[in-house]
Amino acid sequence: MAVCIAVIAKENYPLYIRSIPTENELKFHYTVHTSLDVVDEKISAMGKALVDQRELYLGLLYPTEDYKVYGYVTNSKVKFVMVVDSSNTALRDNEIRSMFRKLHNSYTDVMCNPFYNPGDCIHSRAFDNMVTSMMMQVC
Amino acid sequence: MEQGPGGAGAGLLLPLSDTEQQRYSELFSLCCSPAPEGGSAPAPAAGGSKVGDLFRASQLPADTLHQITELCGAKRVGYFGPAQFYVALKLIAAAQSGLPVRIESIKSELPLPRFMALKNDIEMRYGNAAEIHGVKFQIPHPTLEKNSFKRSDEGDKKQETKSPPMSPMCSPPASPSNYQRIPLSYGYGKSRSGLEQPHGVSYEARHSTHQQDAPATGNYGSKSALVHSSLSRSLSVEREPQDSSNYPDDPWRITEEQREYYINQFKSLQPDLNSFISGSVAKNFFTKSKLPIPELSHIWELSDVDCDGALTLPEFCAAFHLIVARKNGYPLPDTLPETLLPDYLQPASLKPKRDCALLDSYSESLPVSQQTRDFNRTELETVREDPTNSEPLILFDVATSVVEPTSVEEMPDKSALTQDANSDDNQALNVSATARTIPKDFKPCQHLSLKTVVQESNTLKARPRSRSYSSTSIEDAMKKGEEPPMPPPRPQKSHSRASSLDLNKIFQQNTQAVKSGWLPPPPALPPRPFVSQGPHHVTNTEPVAQAKSSYVEFRLKEQTEQVSEIELHPQMNRVPSQTEESSPTRKEILLTQPPSKPIRRKFRSENQMLENQELTPTSSVTASLPVVKPHLPAQKQSSKQKRAIQTAIRKNKEANAVLARLNSELQQQLKVRNTLNITITRLDAIGCFSPLAKDLVPLYR
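Protein chains in written order, with the UniProt record's numbering: chain A, 1 to 139; chain B, 1 to 701.
Treat the hints as calculated values from the structure; they're not laboratory data. Honestly, I wouldn't trust all of these hints.
With a straight-line cut-off of 30 Å between C-alpha atoms, the simulated DSS-like cross-links for lysine-lysine are [as the list claims (entries may be wrong)]:
(1) B:283 - A:10
(2) A:27 - A:68
(3) A:10 - A:68
(4) A:102 - A:77
(5) B:288 - B:267
(6) A:10 - A:27
(7) A:102 - B:283
(8) A:10 - A:77
(9) B:283 - A:77
I would like the entire structure built from these sequences, with the hints used as guidance.
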């Protein structure tokens with residue numbers, strides 16, 4: 001479903017970024033980077049009042065003419081950003097949520113691996129497979 | 001004869017004898033056989049895995065093999081071309097001859113490298129026959145091989161030409177076309193056996209290289225085993241008697257020896273076989289294997305089925321096995337092989353004991369299939385809801401997918417076990433930290449928990465199997481998993497408390513004496529200082545009348561009341577018929593009226609009685625009593641009265657002794673009842689009466 005999926009660390013550097021059309025990857029990287037500002041804005045807006053109740057799913061960060069960008073933040077300030085093709089109108093919010101949930105689960109599994117140091121790039125094959133499954137659905 | 005490709009490729013001139021060349025070329029073709037071009041194409045690359053297998057079949061230590069690989073140039077070039085391959089083979093031969101692994105050592109004439117033959121197919125018999133000879137000769141003396149090999153080769157030649165060697169591993173003989181057919185066929189048989197052996201042999205190799213103790217003996221042990229097995233011509237390789245290791249082609253099966261080794265390693269990290277190894281501990285341990293970190297990470301991903309950051313025993317065995325395989329050159333699979341799944345490993349590891357079948361199948365059914373992590377999550381979530389059930393949950397390793405069909409009949413037991421295990425730590429239920437496989441009951445705990453399991457199984461069959469999370473102690477689980485225990489038997493209403501005093505006796509005596517049911521002595525006596533029994537005795541030496549009169553005196557002092565009552569009660573119980581008549585009245589009076597009055601009345605009634613009796617002349621205690629005085633003149637009257645008095649004294653003494661005993665008992669009971677009263681009032685205040693307390697309350701109020 002997604003065209004590009006990125007996992008951003010707390011310090012706003014990418015832990016994992018992958019996009020489907022292998023050309024023009026840079027464009028997606030740039031998009032994800034700019035979306036981080038929106039993410040931070042959303043976090044700060046909600047965070048002060050209700051830190052506990054802040055929902056992880058941030059929803060649509062901003063749309064462009066070609067695609068939409070969705071965001072998701074974990075409690076440890078690790079951000080998941082998903083770029084979805086705008087032409088794919090069949091995608092509903094619930095589906096995006098479920099995709100983020102799967103991402104989060106896979107990320108947790110990666111974290112459980114003692115050989116993974118938090119802050120490293122994610123090289124887990126299982127994580128790759130999961131992301132591929134999510135991205136292949138679109139194409 | 002010079003070997004062109006060998007010289008050109010490796011950059012050195014490698015003299016190879018005819019036999020060597022033939023052998024090498026056959027081996028090379030074998031290693032390349034799956035390739036469509038066959039081994040004859042110029043500079044084809046031998047399959048790395050096959051080469052690895054072949055090298056391992058040489059039974060050389062892994063370090064030596066690495067050295068050889070480096071020396072032959074395969075690493076440099078990146079593949080095993082014929083040149084590198086030949087050089088490697090020559091180096092193997094050198095190493096097997098005991099020469100150091102150097103380029104120089106292969107310049108000389110060397111025996112052919114030997115590769116252990118493990119024999120499966122019937123066709124291999126011929127090859128086996130040759131190999132047997134070879135093997136036999138190999139074991140005692142490496143230097144003899146050259147001749148023996150030649151002899152056996154010739155023998156094989158004749159045999160092998162007759163039977164078309166077919167092997168699942170190798171392509172049909174047609175592939176290596178550049179080589180002579182006849183030697184090829186026999187060489188095929190030989191080398192095929194050599195090639196097929198590696199898979200099985202790799203076990204030994206792996207096993208031997210990783211057995212820290214006596215790898216050499218392991219080698220020889222496996223060799224002799226191989227000889228026997230090949231001799232037996234059995235299709236299945238019976239290296240070990242166990243069922244699980246009959247698949248020499250499957251590198252992902254753990255042999256019994258390996259399993260024992262893994263279990264020992266597990267114990268060194270974590271003595272409790274039912275518990276798990278934490279991630280950091282495992283990380284340190286596996287890092288010692290010197291595999292690159294990404295590979296270790298991948299191995300962890302594969303083996304930690306439940307993704308909880310900890311390894312249970314089967315997970316640990318799987319991880320260790322993967323590491324061992326990787327060190328031997330096997331590429332890591334993308335998914336965990338079936339034979340390494342915890343559910344598969346679990347029953348196998350516990351097979352020796354039939355008893356553990358319950359537990360085996362239980363844990364066997366628990367492990368989750370590797371595929372869906374979401375399944376795990378849902379299981380975890382459903383488990384979360386389980387606390388709403390009556391039973392607490394046990395953290396367990398995996399979800400509840402029943403894998404083995406054999407577990408059907410053990411399902412109820414499993415559910416029982418689950419429930420039993422469920423009874424354990426509810427608090428540990430935590431999605432992130434959950435699924436710690438703890439209660440895989442291994443041998444130490446099996447017997448203990450088994451009995452309880454069997455006991456509980458019947459009671460718990462009907463319960464649905466929820467995802468169970470184990471804790472370390474199954475025993476506690478058992479207890480908690482029981483049906484809600486029967487409430488402790490309700491004590492009898494009469495004297496459920498600390499009854500040092502057997503009130504029944506008293507009641508019986510009372511009824512006998514009084515012939516009327518009456519309540520136990522009313523415990524609601526106002527707390528009075530306990531009067532010593534000394535004065536009792538003193539007073540009781542006197543006839544009842546004087547005792548009674550002494551009661552009056554006691555009444556004057558505070559102490560008297562209590563004593564008199566106490567004395568009166570037992571006296572009422574025990575006193576002979578003399579006082580029987582008055583006792584009912586006394587009792588009634590006592591029950592209904594404040595203590596002081598009955599004394600008087602008693603006294604008066606006693607006085608009436610006493611007037612009938614003769615009082616003892618001695619009345620030291622009662623001297624002050626004016627009421628007593630009128631009796632004194634009566635005492636002086638006659639000796640008959642004295643005798644009567646003496647008998648009365650004796651009776652009173654007996655009664656006194658009894659009364660004293662009763663007195664002490666009553667005092668104790670009084671104390672107990674007072675404390676109980678306090679607690680009951682407290683409970684009443686709190687509002688949490690138990691049935692027991694409710695029974696007690698009326699007595700106190």
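Going through the hints against the structure:
no. : hint          : verdict
1   : B:283 - A:10  : holds, 25 Å
2   : A:27 - A:68   : holds, 14 Å
3   : A:10 - A:68   : holds, 22 Å
4   : A:102 - A:77  : holds, 17 Å
5   : B:288 - B:267 : holds, 17 Å
6   : A:10 - A:27   : holds, 22 Å
7   : A:102 - B:283 : holds, 26 Å
8   : A:10 - A:77   : holds, 5 Å
9   : B:283 - A:77  : holds, 26 Å
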